[in-house]
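J.: Turn these sequences into a full structure, and let the hints steer you where they fit.
Residues per chain, in single letters:
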Amino acid sequence: MSDKNNYTDANQSNTIECLNISEKRVGLFVTCLVNTIRPSVGFASITLLEQAGCTVEVPAAQSCCGQPAFNSGDDEGTRQIAYQVIEQFEEFDYVILPSGSCASMIKNNFIEVFKEQPGWQARAQHLADRTHELLSFLVDVCNFKPNGVELDGTFTYHDSCSGYRSLNVYEQPREMLSTVKGLEHKPLNGHSECCGFGGTFCVKYSDISNAIVSEKVENVVAADADYLLGGDMGCLMNIAGKLNREGNQKITALHTAEVLAGLAPKIIGANDAS
Amino acid sequence: MNKQISDMSREKIFSAIQAAKPTITADAKTIEDEALELLKESEFARPQLMSADATEALMLRIDAGLVIGTTCEKISTLDMLPHSVKQFFNKNALPSELKVQSVEPLNKLNWQGITTDIDIVNDNTVGLCWAEYGVAETGSFVAHSGPEMPILLNFLPLYLIAVIPKSKILHYMDDYALIANEMAKKKQTPRNMCLISGVSGTTDIEGVLVKGAHGPEVLHIIIVEDE
Amino acid sequence: MQANKPENFTQNVTDALAQPDLKMIIRRTTDKAEAKRSDAIANFPEFEKARAQGQKVKDHTIKHMEHYLAEFEKNALAQGTIVHWASTAEEASKIVLDICREHKAKKVTRSKSMLGEEIGLTHAFDNSEMERIETDLAEHIIQLAGDPPSHIIWPAMHRSREDVVKLFREFHSDPTYSEEITDLVRSARRDLRTKFLTSDIGISGSNFLLADSGSSCTVTNEGNAELTITPPKVHIVTAGIEKLVPSMAHAIPLLRLLTRSATGADITQYITFHNGPKRKNDADGPEECHIVLVDNGRTKMLAEGMEEMLRCIRCGACMNHCVVYKHIGGHAYGSVYPGPMGSVLTPHLQSLEVANKQTHACTMNGRCEDVCPVNIPLPKLLRSLRAQSWEKKYEPLTNRFVVKFFGVLAKRPQLFQLFSSCSLIFMKAFSRNGWIKYMPFTSGWTRNRDLIEPETTTFMHQYKKMKKSESGGS
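Protein chains in written order, with the numbering used here: chain A, 261 to 534; chain B, 896 to 1122; chain C, 458 to 931.
Please keep in mind that the hints were generated in silico from the structure rather than gathered at the bench. In this text, all values refer to a predicted model and were calculated from it rather than measured experimentally. If a hint is listed, it holds; no wrong ones were tucked in.
Distance condition first, Cα-Cα at most 30 Å in a straight line; then the derived DSBU-like pairs of lysine-lysine:
(1) K520/C to K1080/B
(2) K921/C to K284/A
(3) K898/B to K564/C
(4) K837/C to K850/C
(5) K1081/B to K735/C
T.: Here it is in structure tokens:
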């Protein structure tokens, strides 16, 4: 159990021997958007984690990380959700989410709502310590380098806010994507600026959100790439949805995991067929 | 009437603070020590100077264009000052009219050929002031109000010359602040202590920088090596 | 332009987004501010250490607020300053006005301070027999235009050069006929010069109050504070009680942070410490000096666990980097303080009931906290205000219902999975060519963007099927 904290600091991870990953139990929390809208991201996550040497389990009893309740200020509702997330996932050595914002919710916010319940707060902290965003986990903890992935074309990268600011996800996806044969990076102006999704924000303040995503789309179009990649389905859905509304079908939005797991051609093919 | 309001509000504010933080009590000495401890961090939390020598650092900063609207020169002795001032007039095509701060070292000088007691009524009159200190970190000069230092002299003219004795140039703002802290302890603070770093400027119209907003547009700093 | 009300936030936003060049107007200022700040930080590798020190200085002072307030009062009195205390905005502005009346003031010059705006000074003078003259160029412009401020550093950023040309021609006694910005600034210089010199009372705010000397500190680039304060017989300072620091040496690290974060400059041109009235034989300066120390919600913030907000040094970096502010501008917030810091402050200065919508108009992207020079966890504070709104039921019923409904499902994973599967069937019914253009209950989304068509079944469903076939096959 002593290795618990060694892996939490992304900056130190390079100096740590990453052994025995396969002996660790990794619980995958697929998140609700992946579950409903984009299951392939879930399968891509399993593929990558297994390639990195992990033994992956997907608990059947999973739902949502609680962000809608938390960001609405419903602390009691958040606790209700957090109880079951903690119970479902606390036994794992690592809990992995293919989303910076959901990972950050568990890592940084669960403890906030248990201020008056020290017992649960300790359990929330225990869970937080072993929770990681997928892409950063693959690089920082597993030292994973994708091998033999090919995809022809250019991509631009949107850094989702929670991953970028709360979890230091920046280099890791770029590092892994640089190994993909045939794929070339094109810089995105304002790459780390919010896309206007913001969970409930985008429906509550739809018009402000629209103004923000319109600008993001301008930048994405200006980047002149074939693919828009990112690590959060929320942002990708938002930007892709706006691109499509504006009649732009040239740019395909994909989760980085889908590309790294080699699923991109299949997804693009399916889209072309429809 | 207002005295009553004020007294009641004072009472309210202090009791609200006490009520908000019932657990924190510390004696004055503990608080002072804690405050002093915080200052120790300044050494590591401030920018590097362009030179280890304060005068050189100040001049390099100004020469690099980092102090808005400001130029500087160094003269070896104070009696060279009138000559430098005349050059300033020529360079800026100004009449030889000066408002000199009435301070001993400046009064002693030979101002032949320059009118030195013109009140600043128009933008052609140059102000000349004797700075209390210089600060290398920010390219500043410091003015203290006093019987011989009308603060407005630094603000009314469009052209300003500040003379800083080399011995009074400090490395960092902190060095000046520590002097000020000592003055406060001795209850000797002047009414105004102005840290002036460049000329009056504004970016209020469409973000465009314009110099000479209310005060000087041109500032020339003259450092005197030997007073 | 009439000031918007915070409670009309939704309408204010609609109005703002309908304004065709608002985005260009905002960006012309915020983009520059953002770029200059970023350069300034890049040239100051010690920034993180400075930020930690700045935060500690503020936290220390807030922790010992009572001690430092008493120290400040004692030392200000010793310098000959008359100290007043005000619990509310109304009290503060009444104290200021009464001082002016006692001196039979006709003309009052004022150097920009957001606290002055906060306590309603501008409005109070407009309803009095006295003439108020704003001396900061931006405040001068918005005074002529009759506008509320739209930014705490550049209050007139919403006004174009063309607007200024018109205003100056109408109101200046010797206006310029040039449209060059330099000439416009000269026109203001001429117009304000006589006003500075003939004013009866000068009012300023204070960026820092030094407890050990009773000094107040003004920070400007224009030098208008000194010109406002020095000539008149009376100087009045209005300052929030959170402006305290132990001494000048403690203000220095904060000054390093303030100017770099606000305008990207290493330092402002004028930093002046004002220590009471003119000393005997002084060449110039006011004969009488007052300071009004204002609470107006600050002790309430202390009591409600919002003390981190009291660190704020009013640099404006949070709004310059806020995606929401950048699209709706300052006026939409309906408060003197817009953007992230404003959304935290306004509920305390006014009430959460009128200003709770602003706390929700945030994507929680964390950029404001990232750039804050004193590490204020703005998203966390906004979130805790949302929690208060939820408790007090300020949230619209429909929102509460949706969140509650989702919560009920989310804490029962089996039910949640069932609901997810059902919603897919529903979504599928509205999909065309891989996209959903419209669907009931999602108008918030589909009104501005399309929704990706989901796969036929959920991940969990597919995963279970896969696992079953794996075990069946083996």
